[in-house]
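Order-wise, the sequence lines are chains A and B.
Position 377 of the first sequence, counted from 1, bears residue number 377 in our numbering, the numbering being contiguous throughout.
Heads up, our numbering is the position in the second sequence plus 1000, with the first residue counted as 1.
There's no promise every hint is true.
Stated by the list, open to error - Some chain A residues judged to face chain B by a derived CB distance under 7 Å, without partners named:
| hint | residue |
| --- | --- |
| 1 | A56 |
| 2 | P97 |
| 3 | G101 |
| 4 | V155 |
To be verified - List time: in silico DSBU-like cross-link candidates among lysine-lysine, alpha-carbon distance up to 30 Å:
| hint | chain 1 | residue 1 | chain 2 | residue 2 |
| --- | --- | --- | --- | --- |
| 5 | A | K327 | A | K387 |
| 6 | B | K1016 | B | K1006 |
| 7 | B | K1397 | B | K1011 |
| 8 | B | K1016 | A | K392 |
| 9 | A | K376 | B | K1317 |
| 10 | B | K1007 | A | K128 |
| 11 | A | K397 | B | K1173 |
| 12 | A | K317 | A | K387 |
| 13 | B | K1170 | A | K387 |
| 14 | A | K122 | B | K1016 |
| 15 | A | K327 | A | K170 |
| 16 | B | K1007 | B | K1387 |
| 17 | B | K1149 | A | K327 |
These aren't lab readings, by the way, just hints derived from the structure by calculation.
Glycine included, each C-beta is placed from N, C-alpha and C at the ideal position.
Read off the chains here:
2 protein chains.
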Amino acid sequence: MKIFRKKIPLKEALAKVLEGVSPVDVEEVSFSEALGRVLAADVRANRDVPPFDRAAMDGYAVRAEDTFGATPESPVRLRLSKSVREGECVPVQTGEPLPEGGDAVLMLEFTRRLGDGVEVLKPVTPGKNVSFRGEDVRQGDVVLRAGRKLRPHDVGMLAAIRQRIVRVYKKPKVGIISTGDELLDPLTDEPQPLRIFDSNSYMLAALVEEAGGTPLGLGIVRDEAGREGLKNAILEGLAKSDVLLVSGGSSVGERDFLADALTRLGELLFHGVALRPGEPAGFALVGVIRKPVFMLPGFPVATVAAFEMLVRPALQKMQGMPPVERKSVLARAKRKIPSELGRTDFVRVKLEFEAAGVYAVPIRTSGAGVLSSMTKADGFVLVHEEKEGIEKEELVKVFLV
Amino acid sequence: MKIFRKKIPLKEALAKVLEGVSPVDVEEVSFSEALGRVLAADVRANRDVPPFDRAAMDGYAVRAEDTFGATPESPVRLRLSKSVREGECVPVQTGEPLPEGGDAVLMLEFTRRLGDGVEVLKPVTPGKNVSFRGEDVRQGDVVLRAGRKLRPHDVGMLAAIRQRIVRVYKKPKVGIISTGDELLDPLTDEPQPLRIFDSNSYMLAALVEEAGGTPLGLGIVRDEAGREGLKNAILEGLAKSDVLLVSGGSSVGERDFLADALTRLGELLFHGVALRPGEPAGFALVGVIRKPVFMLPGFPVATVAAFEMLVRPALQKMQGMPPVERKSVLARAKRKIPSELGRTDFVRVKLEFEAAGVYAVPIRTSGAGVLSSMTKADGFVLVHEEKEGIEKEELVKVFLV
């Protein structure tokens, strides 16, 4: 039994993964369908926004110089008109084009209407309450950079500059296989003694979706399929996918089957990472085009840890994104969190908000098989390999889930 | 011109909105399609997870008492067998059912294989390295509570307990109308002088999608439609939607048209909020079934602010969620942020990471029409109505976008 495989540091594992994956192809989509997609090229404005000078307030368009010296005691009188010539003003509403000849907008509350004229009670300076052409965006400006995951406001910006089509990375197709004789498919199988329902396939599909990929559930491969069956499942899965996630059977036999199959089909770059949970994770490049395959642990929390640490960064790179951390908050450790030098620990925590500040409370029942430690968690803390643990009250970064 | 409408405090506006909206209907979906949906009922486990005692490590299943007193110098010898009787052990791999008779798992590294037997170098206590039946979840436990927005790990949990169908709130259907003679549809219209492309409709659709609703773009209503046309557009929109967002034309005439139409069709609960930007926001309940309609400002940043402060909480309640804040970080204000008592300011900021900590830097070009102030922002800071502003170096909460 080859149990004591070499575990490599997480950093090294991640470096091999990122070296092994490349951005997927690019496609063109309507801006209106682009939310959450990643830009493959900078977007430059092909027009000024706004395309004309406009009023930023409700009031009167004026020549600022006509208002100089106005006070409530000695107001300046302007004639209402259609355009703004000397001594004239034009009523204007927020967002409307600034009438010709005007260079400022006088707010309504600093005026008094008087017959066919207006009394100005306070002067304005030129440009006051005017939103100038190009104030938001100038023609030629880069408004959104390649590598950006588009947010709702970005979609609004693309509409504003009428960028109908955007070049984005395709969503990586991620094949998902579970292996293990003990597994039943919760969608199709009935309960059986000494068998468990496969949670990894469905959880990984959801994680992939959240990370911007398209999950392809490829089902369960059992021991009876044999080495050939597993090899074929991998090759068939890879034919449909940009990357394959194979979450591992429980038994060493199954794990070795998989490592063996990947070694025969390509290059197994590592198998075993100094990550807890998540140690059995591995990574291979298969075939002449070296398609990436992840070996993920059978226990669900271990699979989550390996996904967060290795697969999510890979999916980001495949989508042309720079590395982006999960959103995080700083909190104090409510208890000491023991760890070991040379190993990265993935610790599920709840947040508690106390008068003294935010605390990260490690969840006690925390075996790699205890998925409820993940559903109960607000986030996770990483204890990096150069640390022996985290002291009580120490400030830690909690990555929010 | 009815410009100086009464502005109500944001808190009061929000209270009226939350009182005016109710959770939408419930539907049943497969757990595998439930990511991001909100549970309408608690989910209880209908089985133990794991459903049997299992090994938490690779090694040998033993009776713990047989190992007592074992040391490297005087190891205890156990016979390999198929079940665990006195003096026997059974090889077992992580995740496999614990063989009958065993009550602990001895890690491989504390043993030495010797012919048909095993030398034990270290004792184990009963229960060691065993993951007991129900350790993760016990039958009858509530594993996920009503009101929870389902995360990837929750989907995994639903698979693990084989909860095939879950009751979730329907996705609220959100109709979106833009009003304004100056607007062109970027998907279908060509540029015209003194016209701008409608960004609100597409940005609101994306915001709604992000917030868990289903957006229905209902196009642009122009002044030429008249009061009747606007009224009909509202009624037709409401017939297809659970809630309607009408983002406002630039001119006071248009705004009054809308307020007028809503007053005729139902009850206009407020029009004008002490929120900057976002002041022209309003809220009405229309028809005998009092369907909610939001009036949103024409300027895009004002619409974003009103959406974040009023519409997002409404969509949460409509989906049966408790109020959930955006994720946030604490940062120090890089500059003084002036505001006014009695008004809530929605201030776009960038985050800067310095040795001294995280700083929130207000974005300078910040008119309500300057959408790039949103696309450049990492988040926003709220200056609440009871504050006159934020001092330089003051600690603020930055809501991340």
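Structure-based check of all given hints:
| no. | hint | verdict |
| --- | --- | --- |
| 1 | A56 | holds, 6 Å |
| 2 | P97 | holds, 5 Å |
| 3 | G101 | violated, 15 Å |
| 4 | V155 | holds, 4 Å |
| 5 | A/K327 - A/K387 | holds, 22 Å |
| 6 | B/K1016 - B/K1006 | holds, 15 Å |
| 7 | B/K1397 - B/K1011 | holds, 18 Å |
| 8 | B/K1016 - A/K392 | violated, 44 Å |
| 9 | A/K376 - B/K1317 | holds, 22 Å |
| 10 | B/K1007 - A/K128 | holds, 24 Å |
| 11 | A/K397 - B/K1173 | violated, 37 Å |
| 12 | A/K317 - A/K387 | holds, 28 Å |
| 13 | B/K1170 - A/K387 | violated, 47 Å |
| 14 | A/K122 - B/K1016 | violated, 38 Å |
| 15 | A/K327 - A/K170 | holds, 24 Å |
| 16 | B/K1007 - B/K1387 | holds, 17 Å |
| 17 | B/K1149 - A/K327 | holds, 18 Å |
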